[in-house]
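Chemist: Below, each chain spelled out in residue letters.
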Amino acid sequence: MAYLELKNVNKSFAGVGAVKDFSLDIEKGCLVAFLGPSGCGKTTTLRMIAGFEQLDSGSILLDGSDIVPVPPNRRDIGMVFQAYALFPNMTVRENIAFGLKMKKTLKADLDRRVDEVLEMVRLKDTEKRYPHQLSGGQQQRIALARALAVQPRILLLDEPLSALDAEVRVALRGEIRRIQSELAITTVYVTHDQEEALSISDKVVVMNKGNIEQVGTPEEIYRAPRTRFVATFIGTANQFPGQVVGQNTVISNNLELYTCDLSGFAAGQSVVVLVRPENIQVQAEKSQPEHANHIAGVIETITFHGAITRLGVNVNGARVVADITVANTDPVCLNQKIWLTFPVDACQVMAVDE
Amino acid sequence: MSQRRSSPQGAKSKKARPTGWQIAMVGFFLFYMFVPILSTYVFSVATRWDRTILPEGYTLEFYQRAFSASYFASTLRNSLILSIATVLVSLLFIVPTAYWVHTRLPRAKPMLDVLMILPFGIPTVVLALALVQVYNFAPLARSPFLLIGAVVVYSMPFMYRPVSNAIQAIDTRVLTEAAQSLGANIFQVLKLIIIPNILTGILSGSLLVFATVFAEYTLTSLIVGARFKTFPLLLVEFTRINGNVAAAFSVISFTIAWLVSLLILWVGSKGQTTKTETVQAR
Chain A
1 MAYLELKNVN
11 KSFAGVGAVK
21 DFSLDIEKGC
31 LVAFLGPSGC
41 GKTTTLRMIA
51 GFEQLDSGSI
61 LLDGSDIVPV
71 PPNRRDIGMV
81 FQAYALFPNM
91 TVRENIAFGL
101 KMKKTLKADL
111 DRRVDEVLEM
121 VRLKDTEKRY
131 PHQLSGGQQQ
141 RIALARALAV
151 QPRILLLDEP
161 LSALDAEVRV
171 ALRGEIRRIQ
181 SELAITTVYV
191 THDQEEALSI
201 SDKVVVMNKG
211 NIEQVGTPEE
221 IYRAPRTRFV
231 ATFIGTANQF
241 PGQVVGQNTV
251 ISNNLELYTC
261 DLSGFAAGQS
271 VVVLVRPENI
281 QVQAEKSQPE
291 HANHIAGVIE
301 TITFHGAITR
311 LGVNVNGARV
321 VADITVANTD
331 PVCLNQKIWL
341 TFPVDACQVM
351 AVDE
Chain B
1 MSQRRSSPQG
11 AKSKKARPTG
21 WQIAMVGFFL
31 FYMFVPILST
41 YVFSVATRWD
51 RTILPEGYTL
61 EFYQRAFSAS
71 YFASTLRNSL
81 ILSIATVLVS
91 LLFIVPTAYW
101 VHTRLPRAKP
111 MLDVLMILPF
121 GIPTVVLALA
131 LVQVYNFAPL
141 ARSPFLLIGA
151 VVVYSMPFMY
161 RPVSNAIQAI
171 DTRVLTEAAQ
181 SLGANIFQVL
191 KLIIIPNILT
201 GILSGSLLVF
211 ATVFAEYTLT
221 SLIVGARFKT
231 FPLLLVEFTR
241 INGNVAAAFS
251 VISFTIAWLV
261 SLLILWVGSK
271 GQTTKTETVQ
281 AR
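Sequence order for the protein chains is A and B.
Numbering (this note's numbering) for the first sequence: 1 to 354.
Numbering (this note's numbering) for the second sequence: 1 to 282.
Excised from the complex, chain A in its bound form (with noise of 0.2 Å):
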């Protein structure tokens, strides 16, 4: 049995479904990732667990009993906001102190454990200032740490890292993992940046318009989406629309492209096949390469990101980016003509609703 079960979880605002029928078994001491667009439910979710919002349907068992029933300050489950929500008229010890107080915690325990989460978020020096006296992200170490200073059952996040700016998340998103995983204790992690999910969880839960679409490891999520809004979601995918014509070809855009098995599918069966922009290869001269598509194009846009390069890629009338990394690919520019090189295992096809 899981630590934490979301069984057939159902909310809506104003006849509008924010939640649908949301299933889902969270196993002790793992960080699981909402991830999704703004409006897809996840935040909506997070607050039920933490019991500001009502369910309309379904149950919440925490360690095998129901929580539903009870108020959010009896259900002994941490929580930090995307707003820090540091108490402006306390200090950051006092801050830190509130849940022990409200739990009647001894003076002598109180004391030694706000000076362990003072240690573990590495802000000891900072105790005796107030809350606009901190930077962004020291109030936010605060806010984590005041929310396990009392040991809760879970550590609910919401967006925890979206007011603060680049640098200061990449290095607070690892300070959270590394607390997480030094207690082991229970999370759920809501955030709308994929990069941030992928690095930081055990698992993901992607979700949109109040369903999950996926739930996996970062690896599967990314390496394998099931559904075209994960593909898209999740990092960048060329899209190539077109009908099964064969066991391994698609027919697109008057390309012809071959991919892995597609027993699966009906012939003429609308598809599409998604391929990952740092899978393409480019190459100046047309090659015969084994197992690959090799397509024509003629580059639109070059796009320095740093590590890579990103290519815009006119490929009969079609948008296709490729990513190339300056090391390990012949100097290009604009106009030229190229070869793009992508192998079939790294097409992934997908069959279209409508």
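Check the hints yourself; a few may be wrong.
[To be verified] Listed next, the in silico DMTMM-like pairs over lysine to aspartate or glutamate satisfying Cα-Cα at most 25 Å (straight line):
id : chain 1 : residue 1 : chain 2 : residue 2
1  : A       : 337       : A       : 256
2  : B       : 191       : A       : 76
3  : A       : 209       : A       : 220
4  : A       : 203       : A       : 76
5  : B       : 191       : A       : 111
6  : A       : 101       : B       : 50
[Stated by the list, open to error] DEER-style ranges, computed between Cβ atoms:
id : chain 1 : residue 1 : chain 2 : residue 2 : range
7  : B       : 80        : A       : 136       : 44 to 52 Å
8  : A       : 170       : B       : 267       : 40 to 48 Å
9  : A       : 38        : B       : 92        : 38 to 46 Å
10 : B       : 88        : A       : 135       : 35 to 43 Å
11 : A       : 199       : B       : 88        : 49 to 57 Å
12 : A       : 128       : B       : 123       : 49 to 57 Å
13 : A       : 334       : B       : 110       : 54 to 62 Å
14 : B       : 267       : A       : 119       : 34 to 42 Å
15 : A       : 119       : B       : 34        : 55 to 63 Å
16 : A       : 57        : B       : 104       : 20 to 28 Å
17 : B       : 88        : A       : 57        : 39 to 47 Å
18 : B       : 110       : A       : 128       : 52 to 60 Å
19 : B       : 37        : A       : 128       : 40 to 48 Å
[To be verified] Covered, in the sense of this in silico footprint (three residues per stretch, anywhere, with C-beta under 8 Å from a C-beta of chain B), are these stretches of chain A:
id : segment
20 : 95–107
21 : 140–150
22 : 305–311
Derived from the structure by calculation, the hints contain no laboratory data.
Computed from a predicted structure; not experimentally measured.
All residues carry an ideal CB built from backbone N, CA and C; glycine is no exception.
Given chain A's structure and the hints, the job is docking chain B onto it.
Modeler: Relative to the frame of chain A, chain B by itself:
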């Protein structure tokens, strides 16, 4: 940092000198505001002041007569009771309501805002007469309780505005949820988190309500009249007997209102010192 935010250095170094017009405007404003008050002060100690620019002589006789007036102590007491009771009742009504609406029912906020302007739109005479008619039964009829109720309604906007602004300045919903997730119940949330953070609003609201109610005449006169005589009633009574004594009463009334304001501000600043003292550059 946050202390200096409002005055960027560039603006400070190029401080513009006030023009003649600006000085004249400010001078006129001060004249307009303070001449009546000063005149009242002077009139309360003047022996005779109708043939000369300045009074012909000065005396404290009118203060003596004011302090020894038969109703002086009881009206002062009644006014304090009325003002303090009104402040307490309106705190009790307004603070939880404003908090609840801002945090849980934001859709009702425009309605509440309109509701809080209504007392300005109803003439006090109409309000008083309507209340006297409706609550025409014991123990409410023409009682001090009815008066307190009426004055609470009449002074509600003065409490609501500052409190509502203070609540708006902090994210009450998130702070409430954060405190709840740490185990606090709703009373602890209000007492430990919300009230300390909106204290300035609560204090300025209390101040406005106190000052307004302390000088309230119409409602008191029409609802309770002589049954519960307050200080303004006594003052008006004396304007018909002796203007100088009435002026002395005005001065006493001003002074009390100012002392109470100072007291409230002092209490407020004590609550704030811990914050301002520690405001230093990061």
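Chemist: Run every hint past the structure and note whether it holds.
Modeler: Each hint tested on the structure:
no. : hint                        : in the structure
1   : 337(A) - 256(A)             : holds (19 Å)
2   : 191(B) - 76(A)              : holds (21 Å)
3   : 209(A) - 220(A)             : holds (21 Å)
4   : 203(A) - 76(A)              : holds (23 Å)
5   : 191(B) - 111(A)             : holds (23 Å)
6   : 101(A) - 50(B)              : violated (69 Å)
7   : 80(B) - 136(A): 44 to 52 Å  : holds (48 Å)
8   : 170(A) - 267(B): 40 to 48 Å : holds (47 Å)
9   : 38(A) - 92(B): 38 to 46 Å   : holds (40 Å)
10  : 88(B) - 135(A): 35 to 43 Å  : holds (41 Å)
11  : 199(A) - 88(B): 49 to 57 Å  : holds (55 Å)
12  : 128(A) - 123(B): 49 to 57 Å : holds (55 Å)
13  : 334(A) - 110(B): 54 to 62 Å : holds (56 Å)
14  : 267(B) - 119(A): 34 to 42 Å : holds (38 Å)
15  : 119(A) - 34(B): 55 to 63 Å  : holds (60 Å)
16  : 57(A) - 104(B): 20 to 28 Å  : holds (22 Å)
17  : 88(B) - 57(A): 39 to 47 Å   : holds (45 Å)
18  : 110(B) - 128(A): 52 to 60 Å : violated (42 Å)
19  : 37(B) - 128(A): 40 to 48 Å  : holds (46 Å)
20  : 95–107                      : holds (count 4)
21  : 140–150                     : holds (count 4)
22  : 305–311                     : violated (count 0)
In summary, the numbered hints that this structure violates are 6, 18 and 22.
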